[in-house]
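Visitor: Once you have looked at the hints, place chains Y, E, Z and X with the ligands on chain D.
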Amino acid sequence: MIASSRSPLVWLVHISVILLVVLWTLPTAGLLISSLRDKDQLAVSGWWTALSTSTQNLVFRAPGADTQVEKDGKFVIAGNMLEGQSGQVSAFGFNSKDPAAFQPGQSADLPSGEKLTVQADGAFEIASDKAMDGARGQRIFYTAAIPPRFTFDNYREVMRAEGIGASFINSLTVAIPATIIPILVAAFAAYALAWMKFPGRAILIAVVVGLLVVPLQMSLIPLLKLYNGVGAFLGVPAKTYVGIWLAHMGFGLPLAIYLLRNYMAGLPREIMESARVDGASDFDIFIKIILPLSFPALASFSIFQFLWTWNDLLVAMVFLGTGNNELVLTGRLVNLLGSRGGNWEILTASAFVTIIVPLIVFFTLQRYLVRGLLAGSVKGG
Amino acid sequence: AELKFKPGEDSKFNWASFEEFKKGHDLKGQTLTIFGPWRGEDQVLVESVLDYFRDATGADVKYSSSENYEQQIVIDTQAGSPPDVAVLPQPGLIADLASKGYLTPLGEETKKWLLDNYAAGQSWVDLSTYAGKDGKKELYAFPYKIDVKSLVWYVPENFEDSGYEVPKTMEELKALTEKIVADGGTPWCIGLGSGGATGWPATDWVEDMMLRTQPADVYDKWVTNAIPFNDPAVVGAIDEFGWFAKNDKNVDGGAAAVASADFRDSPKGLFASPPKCYLHHQASFIPSFFPEGTVVGQDADFFYMPPYASKPELGNPVLGAGTLAMITKDTPASRAFIEFLETPIAHEVWMAQTSFLTPFKGVNKDTYANGPMKKQGEILLNATTFRFDGSDLMPGKIGAGAFWTGMVDYVGGKSATDVADGIQKAWDSIK
Amino acid sequence: MQQLLFAIITMAAGVLACAAYFFSTNWILDRLFPSKGLTGPLASRNLRITNAIRPWLFLGPALFSLTIYLIYPVIASVWLSLHDRAGENFVGLNNFIWMFNDGEFRQSIYNNFLWLLVVPAAATFFGLIIAALTDRIWWGNIAKTLIFMPMAISFVGASVIWKFIYDYRAAGTEQIGILNAIVVYFGGTPEAWVTLPFWNNFFLMVILIWIQTGFAMVILSAALRGIPEETIEAAVIDGANGFQIFFKIMIPQMWGTIAVVWTTITILVLKVFDIVLAMTNGQWQSQVLANLMFDWMFRGGGDFGRGAAIAVIIMVLVIPIMIWNIRNATKEMEGH
Amino acid sequence: MAGLQLKNIRKSYGAVDVIHGIDLDIRQGEFVVFVGPSGCGKSTLLRMIAGLEEISGGEMYIAERLVNEVPPSQRGIAMVFQSYALYPHMTVYDNMAFGMRIAKESKEEIDRRVRAAADILQLTQYLDRLPKALSGGQRQRVAIGRAICRDPKVFLFDEPLSNLDAALRVATRIEIAKLNESMPDTTMIYVTHDQVEAMTLADRIVVLSAGHIEQVGPPLELYERPANLFVARFIGSPAMNIIPAKIVGTGAETTVELPGGKTDVLDIPTAATENGKAASFGVRPEDLRVSTGDTFLFEGTVAIIEALGEVTLLYIEGLVANEPIIAKVPGILDIKRGEKVRFTADKAKLHLFDANGKSYRA
Amino acid sequence: MAGLQLKNIRKSYGAVDVIHGIDLDIRQGEFVVFVGPSGCGKSTLLRMIAGLEEISGGEMYIAERLVNEVPPSQRGIAMVFQSYALYPHMTVYDNMAFGMRIAKESKEEIDRRVRAAADILQLTQYLDRLPKALSGGQRQRVAIGRAICRDPKVFLFDEPLSNLDAALRVATRIEIAKLNESMPDTTMIYVTHDQVEAMTLADRIVVLSAGHIEQVGPPLELYERPANLFVARFIGSPAMNIIPAKIVGTGAETTVELPGGKTDVLDIPTAATENGKAASFGVRPEDLRVSTGDTFLFEGTVAIIEALGEVTLLYIEGLVANEPIIAKVPGILDIKRGEKVRFTADKAKLHLFDANGKSYRA
Ligand SMILES: Nc1ncnc2c1ncn2[C@@H]1O[C@H](COP(=O)(O)OP(=O)(O)OP(=O)(O)O)[C@@H](O)[C@H]1O
Ligand SMILES: Nc1ncnc2c1ncn2[C@@H]1O[C@H](COP(=O)(O)OP(=O)(O)OP(=O)(O)O)[C@@H](O)[C@H]1O
Ligand SMILES: [Mg+2]
Ligand SMILES: [Mg+2]
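Chains as they are written, first to last, in my numbering: chain D, 291 to 671; chain Y, -2 to 428; chain E, 954 to 1289; chain Z, 361 to 722; chain X, 361 to 722.
Just so you know, not all the hints are guaranteed correct.
Simulated restraints on C-beta separations [unchecked claim]:
no.: 1; chain 1: D; residue 1: L316; chain 2: E; residue 2: L1149; range: 18 to 28 Å
no.: 2; chain 1: E; residue 1: F1066; chain 2: Y; residue 2: P153; range: 47 to 57 Å
no.: 3; chain 1: Z; residue 1: R461; chain 2: X; residue 2: I664; range: 32 to 42 Å
no.: 4; chain 1: E; residue 1: T1283; chain 2: Z; residue 2: K367; range: 50 to 60 Å
no.: 5; chain 1: E; residue 1: F1078; chain 2: Y; residue 2: P153; range: 26 to 36 Å
no.: 6; chain 1: E; residue 1: F1066; chain 2: Y; residue 2: N367; range: 35 to 45 Å
no.: 7; chain 1: Z; residue 1: K696; chain 2: X; residue 2: D563; range: 15 to 25 Å
no.: 8; chain 1: D; residue 1: G519; chain 2: E; residue 2: F1053; range: 29 to 39 Å
no.: 9; chain 1: X; residue 1: E429; chain 2: D; residue 2: L316; range: 33 to 43 Å
Partial list, computed: chain Y residues near chain D (C-beta under 8 Å) [claimed, not checked]:
no.: 10; residue: Q40
no.: 11; residue: R51
no.: 12; residue: E64
no.: 13; residue: A76
no.: 14; residue: P272
no.: 15; residue: P288
no.: 16; residue: L378
no.: 17; residue: T382
None of these hints come from the bench; they were simulated from the model.
It should be emphasised that the depicted structure is a prediction, and the values quoted were computed from it without experimental measurement.
For glycine and all other residues, C-beta sits at the position ideal for the given N, C-alpha and C.
Same shape as in the complex, but just chain D (with noise of 0.2 Å):
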């Protein structure tokens, strides 16, 4: 519109967007990186210090007795600490009371009377002029400066997950209808709370808002009761998709009125009559005109309660159930974390495999909240 932007207003817009973005992405980013690291480490150093070469005191368990060998008279065990990653050693000890006693290339005796020589590459080699014994290999000690070291591991873990694809399609075949459904149903309902005229509507409207703040909770145990008693008198199971669907449904219809009646309330009032005088009967307007106005209402509050069936866990074991054929992801998700939970490698993991999908969504979405859609309709104001 503005013809003319550069402003150092606008440079203050793009510094405050930056900053606010950094700030809602920096634990975001903290869960990316963790999900990425080792997990080990993940409690033991802070996310961001995963990004940078970081020295780290470490303790290695050299290979035990049995893999000694002999070379020139003497028995030694060598390999080296690192594994094959690169790294700087800096010091090494054996006992962990001086854990950084020695520097590398110093050799240290060990009290049992080998010799430990570790090089700063992570080279180790203990030598001893007799057989060695104890099934139990030498503690090493070192600090050692680890260069970011990323794993796959936890995601390849979360997608190897036993019917994990079966409980992506569970998932989608909840989230799918129980977004579309309350939607057509909700935006009915705006329409006639918008701008129908029949007795009893702004009460209506006031039932809508107070149910927002039923909770989920309080109304699991009669409903499910309602389908079992439901499901024994017409012979079918108390746990199908149409009763997920429509306990989404019943859940995320008061916020769904609500927003919708709020925005389809401030479409001009003067594109309905013009309809309505070309003939169109309430169903048509709300079919040609109120629906593809409120395109942007209708994409936000999609994401929204796609967003809600497809992270919600309870209403789904609860009216689905728990069985490997209706286990929806994130139960799938929530069951690879062991007993007593903490597997935090996992739900880090799991949090990136489930965010897909809605961020997928949000993005085809966020192309309806257009700009202008009423431009030209109207003159006036």
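Guide: For chains Y, E, Z and X with the ligands alone, coordinates are given in the frame of chain D:
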């Protein structure tokens, strides 16, 4: 599915029991739904056991679990669509379900079986007996898969490096704690953090201390509130825990870190270089949270949380926890499943893998996958007193609420008396 | 493959059935009471009938499912709140009397008010700012997607993230929580943030704000784009600068939507319990009503009476917002 | 007979009364133009006829049927909105086709009619555009096109040409006239501010003022015999000059005294009772002629001269304070500013109104 | 000098070229009116001057300063939008006061100016209303009020009077003229479709067509000496009659042959090379007089008679197929439909255009 161990192949398993069970049960075409707390690795393991049930009976077994299994089971039973068999780790919750009439009594035969076959059988039967809807006490649950909680974990080589010895008595343990402090080290890693359940590791401490300072019947009265929570006996036990945890020098990070440190992270301090601590009190499951590649028995080991030498009359009490199976829908299949749990093979298959302890005397101890597990199994079998985790026995609002919160407040600075008073008040409010 | 096919068929069937309802009822109504082409009293009568019925056809499915999924549970809750823990024996107002004498409940109410004060305002504010700032920059959509991301992260994920932010390690050791790392970097002493009574409320609120800003942003973006361009042009001509346009032209025109967003988030705050549950479970004096309700409902078998009583209180708290919304709706309907 | 009857129609917005009881009979096929000052209620009245605005009081009949409660879609009307009210998400083509699609016309018929309308309105090249990519005038034409595409019983036009340029305006006006001729049974109601439109199109003109009717009649009647001062001033541009006067002689002819003392005789009969009363003497600018002789109506000083090409407007001061008298004389005259000029006019074209504004010409 | 220079200004929307390179010099204080057919780019050009539309090519200077990149707020302009663009959430008062509040005028000053503008525009009683409770004309007046309340260097008006009734239109037009007079340093650019407005207000008129300038000049010059056929047809209403002709005699005077064989002599000099070429012969309807004598320009049959009161329009057929020639004669004549009438006109008022539409009058 492929059975984990081919029947008849490895002679350490009791294949005969399997074959016998197989003969007695044919459930083809029937479905058994089991709802349990095991997820992740545990779920793989339990499935491997269930495979044998499938194989033996031909039933279609559906196991499922949930992060919110507590909530889920309440909803499902209340709404009238329970699984056939539920497995829960909380006797308190089971008592509640029993009292609302959602559970089926297992009957005298099972009770007798438990008495005969489980070590310290009576305490298991007591643990599994609840009042039903009609107020009648009956056996409603079948304990299966036990954790030993009275364990202290350490790194043997760190002990060697510093010349420490494994303590045999509580007095020695305290002395060791002081010695480590004197040597400039930090003796303990304690973490109570557990998201929504923050505080529970401290309850294990207190329970262990209860068993080591008071006779078992006081413990029993305590968990049923026959003696108030703020009884001096309880306050004393809390302060015993406080001796370890409320001293900045004794714990890694100082007392302030105890409450917020995650219990899953805190054992990692044992393996740091240099070590952040030397001792860690936690149940038998904790090795899954050790750094990857840690070999129990080599890199880490445990010893029995010792009793006071000054109180020999209390013997070697063992605190434990475990899961209990119960019938939530009375079907032939669910009955059969309980019977299946009575076969040695149902225990041995899991024992031979990992993280499974059983008080079942009829199993071959050699099927334990490794030394440490066997050692834990022995602690369990040698226990003069076995008591189930008290907080799990208390009503949910206390054992999984006020008690946790109280412990957090306690390490946060409140006095033991204040905390105990508060918990008792909460208990009064739900009576 | 078969599952996919089944899924597609079920989805299509579900959606089509819903659409079919609307088309067919509407068609039947027009068939039953035709008025097109008719004249005279019959036409007017039919017209009146269809006009009276049609809104209810449109509202029908919505009212039906609202009744079943929400109103019925509300009634059930009220009923339960007057009964004992098993929901069997009538106890009158005992649950409420207990509640008001309960310290934890009072704590929760207090905390809830803090939440209500801060979170809706902050989330709406940031949402608005971000929507406005990103509206006309070329990488706005990318920025929005990034800011939206927290909404899309499942709850478990979010709690892990914030655990790693608030994590506390003893002073002198390496901090793995970024907040403490920053504090230490600037020479402060680390704090166990979530355990600081009173202040921890705010640390938990930050999480919800972080998540809900995306919601506010999306809805407000849509509203922002609905503002007639011409009014902005007129303001530009009138010499208004960016700020003046934003505050005096855009915000007043979006006022309705801002109110909606604010209301929605307020109500969400009343319901929120996952964050508290996952981060502190109400310890360190951070309890809120919804979590308290959850606690009583499901912990250890549950006490439905008390759980429901707390739920009833939560629902009562929303009444002022309802009244305010009725007023708005009637005011704006005068124009229609 | 598919005419339109308005019986004591009223409208109020809350406390504000906008229409104060209007009675009007419109015959089927008639072309009626509503004129009146901005804000007098023309759009409101039109919208009530369309059924878009609730009728606060009175009865309205279309084709003998009481329509107070009938929805717009069933009144058989087409309307061009003052504010266009285009469907922003539809192309020009779809905007015009919408009504016919609703009425389930055949595809070919729709296409034919849309193209015909687009042709008339010079919109053919914009058929694929969305309203937002159109100029103001183009939008207005789409709005007209939308109405003429359909086949209603009653056409309602609310200032349909206000954004068009003169040429197009004339062309469109002629098209509307043709449309009217080609559909002798279709009633048309048209709101405009343009005198020429009103005069050329209307069978009858309805002059509205502040929510009530001032006069209804054929264009020339309104022009020649305004019923009152309001209509006199309103019809004709520039407006009729009104000079306060006093009746000094009555009878078959009336003598009035103008400010300044000059008396004039008008061929309007008045009753003797009127003698001595204050009155308003009116003469249209275009009826004034510069008089070179001695007989003249009045004289004054030329304050402003506006040469418009074909005619010249003279603004005369000196007679009524602060309100110059305007004379519209053909061609370009060699009169200069400040000159004193005398004017005369045809007697039959003089008007006289009583103190209440009512015309003395019955 | 705070004038306005447009140098080869261009505008395209994507592939659609809307403005094709416009050069225009507007002096400070000048009143320039843009006219042109609907959709020719008037609003676009105005919006470019305001800075609301990016300039696709060329340079624009306001007060000697290159403003291509200068934001609207710094160009010192006020604008009345064709679509009003009122702030829907502000009352009429606030709408008008907004710009001054932004400029931090004192409260009293704002109040004074708003009330003055409201007074002029007869909006005083609506000051507390929101735009949605106003009629179309009232909204337009608010839009005008908003602009005149402020004190800009340049005023831009986009069809500001299109929704007003005749009387108000005249009054407002006069107010704008007064405004212009009272602010001799303020430049005004005005888009209108109303010839009278253009003629009376403009110092110079710019005739646009399809994105380029056809002619720029003072009103009378455009009326009397249109540079080409387009301007000739566009200025004046009804439009100039154009009759295809053939040049049959050249020199100081030119002889043309009309369809039907009648020849006329025009006092326009043409070069001998033009002899035999096709040309267009033009005469304005208002310049035609009914001739009773033998000397006449042409004759034809009266097809339609439109009596508008002060003048009568005669539509004459028989000369150009399908395009009647219009004559505007004063008063009401006793000519009937179907009569053959002869017309004559002043020689100086005849026009002749070459085959490309360029006028032969230099
Ligand atoms: N966004 C757009 N995309 C393409 N063409 C456009 C767009 N906006 C306007 N136009 C075209 O540009 C041309 C000029 O438009 P403009 O609004 O300047 O006309 P105008 O001279 O003001 O006409 P009017 O008198 O009808 O208001 C028109 O033909 C219009 O269709
Ligand atoms: N919603 C409303 N509330 C109060 N008054 C209103 C409302 N809508 C219109 N009016 C008033 O009603 C009167 C008639 O409006 P209407 O639109 O019919 O005028 P109009 O004759 O069409 O004028 P114009 O020629 O300017 O379009 C106006 O004075 C207007 O201010
Ligand atoms: Mg109007
Ligand atoms: Mg325009």
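Visitor: Compare the structure with each hint and give your call.
Guide: The hints, checked one at a time:
no.	hint	verdict
1	D:L316 x E:L1149: 18 to 28 Å	holds (22 Å)
2	E:F1066 x Y:P153: 47 to 57 Å	holds (54 Å)
3	Z:R461 x X:I664: 32 to 42 Å	holds (37 Å)
4	E:T1283 x Z:K367: 50 to 60 Å	violated (32 Å)
5	E:F1078 x Y:P153: 26 to 36 Å	violated (57 Å)
6	E:F1066 x Y:N367: 35 to 45 Å	violated (55 Å)
7	Z:K696 x X:D563: 15 to 25 Å	holds (20 Å)
8	D:G519 x E:F1053: 29 to 39 Å	holds (36 Å)
9	X:E429 x D:L316: 33 to 43 Å	holds (36 Å)
10	Q40	holds (6 Å)
11	R51	violated (14 Å)
12	E64	holds (5 Å)
13	A76	holds (3 Å)
14	P272	holds (5 Å)
15	P288	holds (4 Å)
16	L378	violated (24 Å)
17	T382	violated (26 Å)
Checked against the numbered hints above, the structure breaks hints 4, 5, 6, 11, 16, 17 and satisfies the rest.
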